[in-house]
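Enquirer: Quick note, the sequences are listed as chains A and B, same order. So in the numbering used here, spot 121 of the first sequence is number 121, and the numbers just go up one at a time. So in the numbering used here, spot 123 of the second sequence is number 1123, and the numbers just go up one at a time.
Bear in mind the hints are in silico, worked out from the structure with no lab data behind them. Glycine is no exception: its CB is placed at the ideal position from the N, C-alpha and C atoms. Worth double-checking, as some hints may not be accurate.
Unchecked claim - Pulled a few chain B residues facing chain A out of the computed Cβ check, cut under 8 Å:
(1) Ala1023
(2) Ile1040
(3) Pro1042
(4) Ile1132
To be verified - Here chain A is said to cover these stretches of chain B; the calculated rule only asks that three of the stretch's residues, wherever they fall, bring their Cβ under 8 Å from a Cβ of chain A:
(5) 1026 to 1032
(6) 1064 to 1071
(7) 1074 to 1080
(8) 1084 to 1096
2 protein chains.
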Amino acid sequence: MTNGGSDPTMNVLPTEECYRLLATHEIGRIGVVADHYPLILPVNYRLDGTTVVIRTHAGTILHAAEHANVTFEVDEVDRAARSGWSVLIRGQAEEVTEAHRAELVASTEESGVQPWAPGDKGHWLRLITHEISGRRIVPGELPALDPRAYL
Amino acid sequence: MTNGGSDPTMNVLPTEECYRLLATHEIGRIGVVADHYPLILPVNYRLDGTTVVIRTHAGTILHAAEHANVTFEVDEVDRAARSGWSVLIRGQAEEVTEAHRAELVASTEESGVQPWAPGDKGHWLRLITHEISGRRIVPGELPALDPRAYL
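Okay, chain A solo, but in the shape it has when bound (with noise of 0.2 Å):
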């Protein structure tokens, strides 16, 4: 719905550049309804396969997240080039458990990349993915230093 085709400004992604583009960053956005508000917050994560982990400290995300619809999101904007890409996730938070979190650690193991664990101060969620989006965004869409969008 959101993605129509018709949209001559909007070119949607494969599922598969989605996830190419997630793996290149590791700073995205939770969107979380709290408080009568979809509050966005920054998040540090990674990706685990298809798996989003995102890190995040207890209160308002933890608390608005469980049990309910969340939102993930991933952009780059070159500012200059007026060009760029968004990939948004719909789904569900879990919070890592103790055993999730040994498989986590054996898996990133297997990557090659070194491991990771929560500190005391972190907690882990694990997105399970309900729908993923992207999109490039082309220059008609984001027109700021574009002379021909101004007066």
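Based on these hints, arrange chain B on the given structure of chain A.
Expert: Coordinates of chain B only, in the frame set by chain A:
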């Protein structure tokens, strides 16, 4: 609530600093609840005094934002330095009318910035701010490159 000062990984920014930071960027993200998810969508914006003016295309955002609580987020993270900031506005969005538009063009001319106008494809929204908050992201909160966060 979100900005509880008791959290040692979070430095709350004063309101004036939030607006100063917003003025340094032109790409943000609007949060709207649609289809039971808190959708996050990158948008072009500019600051008109302390009012955020957002350019978007017709569709999900306009439809979902009408008469509903929305949020607007801008952030900047230096991955190498593990530092950054984020600003979040809670508010409502209203579409810029013809009357508003003339006023905005006038205020933009006065500011010395080249005035803008939406093309046929564009719609402009003004945010009515209920609350603005910001924080500095400190290394403990985004530890992806911090070896102390790893096993």
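Enquirer: Would you check whether B/Ile1040 satisfies its interface hint, that is, whether its CB is within less than 8 Å of any CB in chain A?
Expert: holds, 4 Å
Enquirer: Examine the stretch 1026 to 1032 of chain B: at least three residues should have C-beta closer than 8 Å to a C-beta of chain A.
Expert: Satisfied; 5 residues make the cut.
Enquirer: Using the nearest Cβ pair, does B/Ala1023 come within less than 8 Å of chain A?
Expert: Violated - the Cβ of B/Ala1023 stays beyond 8 Å from chain A, reaching only about 13 Å at its closest.
Enquirer: Establish whether the coverage given for the stretch 1064 to 1071 of chain B by chain A is satisfied; the threshold is a Cβ-Cβ distance below 8 Å, and no fewer than three residues must meet it.
Expert: Our answer is that it holds, as 3 residues pass the Cβ test (under 8 Å) against chain A, meeting three.
Enquirer: Just to make sure I understand the rule, a stretch counts as covered if three or more of its residues have a C-beta closer than 8 Å to a C-beta of the chain. Does the stretch 1084 to 1096 of chain B meet that for chain A?
Expert: holds (count 4)
Enquirer: Do three or more residues from the stretch 1074 to 1080 of chain B put their C-beta atoms closer than 8 Å to C-beta atoms of chain A?
Expert: Check passed, 3 qualifying residues.
Enquirer: Please verify that hint: B/Pro1042, Cβ, nearest Cβ of chain A, below 8 Å or not.
Expert: Given a least distance of 5 Å, the restraint on B/Pro1042 holds.
Enquirer: Tell me if B/Ile1132 is really an interface residue toward chain A, meaning its C-beta lies closer than 8 Å to one of theirs.
Expert: violated, 12 Å
The structure fails hints 1 and 4 (numbered hints given earlier, in ascending order).
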